[in-house]
Amino acid sequence: MYVGTLSFDLLLGDVHSLKEKRSLVRPIVAELQRKYAVSVAETGNQNLHRRAEIGLAMVSGDTGHLTDVLDRCERLVAGRPEVELLSVRRRLHSDED
Numbered sequence: 001m002y003v004g005t006l007s008f009d010l011l012l013g014d015v016h017s018l019k020e021k022r023s024l025v026r027p028i029v030a031e032l033q034r035k036y037a038v039s040v041a042e043t044g045n046q047n048l049h050r051r052a053e054i055g056l057a058m059v060s061g062d063t064g065h066l067t068d069v070l071d072r073c074e075r076l077v078a079g080r081p082e083v084e085l086l087s088v089r090r091r092l093h094s095d096e097d
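For the sequence shown, position 51 (counting from the first letter as 1) is numbered 51 according to the UniProt record's numbering, and the numbering increases by one without interruption.
It should be emphasised that the hints constitute simulated quantities derived from the structure, not laboratory data. Beta carbons are placed, not taken as given, at the ideal position from N, Cα and C, and that holds for glycine. There's no promise every hint is true.
Pairs of lysine to any residue, SDA-like flavour, derived with a Cα cap of 25 Å [stated by the list, open to error]:
| id | residue 1 | residue 2 |
| --- | --- | --- |
| 1 | Lys35 | His16 |
| 2 | Lys35 | Leu86 |
| 3 | Lys35 | Glu96 |
| 4 | Lys35 | Arg89 |
FRET-style restraints, in silico, Cβ to Cβ [what the hints assert, rightly or not]:
| id | residue 1 | residue 2 | range |
| --- | --- | --- | --- |
| 5 | Lys35 | Gly64 | 37 to 45 Å |
| 6 | Leu48 | Ser94 | 31 to 39 Å |
| 7 | Asp62 | Ser17 | 37 to 45 Å |
| 8 | Asp62 | Ala30 | 24 to 32 Å |
| 9 | Asp14 | His65 | 20 to 28 Å |
| 10 | Arg89 | Ser60 | 33 to 41 Å |
All chains should be modelled from the sequences, with the hints used to inform the complete structure.
Here is the structure:
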């Protein structure tokens, strides 16, 4: 069994309220869940208007499949024009760790 995680640090564009922030972050979270069947949530910077942290996790029996899905998720977030991807932290864990 393998577990892969991604942590995205995002800079949001012209956002002036937490309500506007949610209107940008929620669709990204929903699309990742819908397209890739991963567990994903906003995990940090909840009180900052222009910054967001999104955490993502996936479990798989195959590292190749896990890496492929994590790559696709990263490309999806990086390709969103309304956010700037500042950094991504990727971790892979096995049941032997």
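Cross-check of the supplied hints:
1. Our distance criterion of 25 Å between C-alpha atoms is broken by Lys35 and His16, whose separation comes to about 29 Å.
2. Only pairs whose Cα atoms come within 25 Å are accepted, and Lys35 paired with Leu86 is accepted, the gap being roughly 23 Å.
3. Distance check on the hinted pair: Lys35 and Glu96 sit about 29 Å apart at the alpha-carbon level, beyond 25 Å; violated.
4. At roughly 21 Å between alpha-carbon atoms, Lys35 and Arg89 fall within 25 Å of each other, so this suggested pair holds.
5. Distance hint check: the CB atoms of Lys35 and Gly64 are about 19 Å apart, inconsistent with the given range 37 to 45 Å.
6. A beta carbon spacing of about 34 Å between Leu48 and Ser94 agrees with the range 31 to 39 Å that was offered as a hint.
7. Take Asp62 and Ser17: their Cβ atoms lie about 43 Å apart, and the range 37 to 45 Å holds.
8. Taken as a hint, the range 24 to 32 Å holds for the pair Asp62 and Ala30, whose Cβ atoms sit roughly 26 Å apart.
9. Evaluation of the 20 to 28 Å hint for Asp14 and His65 yields a failure: the beta carbon distance comes to about 38 Å.
10. Distance hint check: the CB atoms of Arg89 and Ser60 are about 19 Å apart, inconsistent with the given range 33 to 41 Å.
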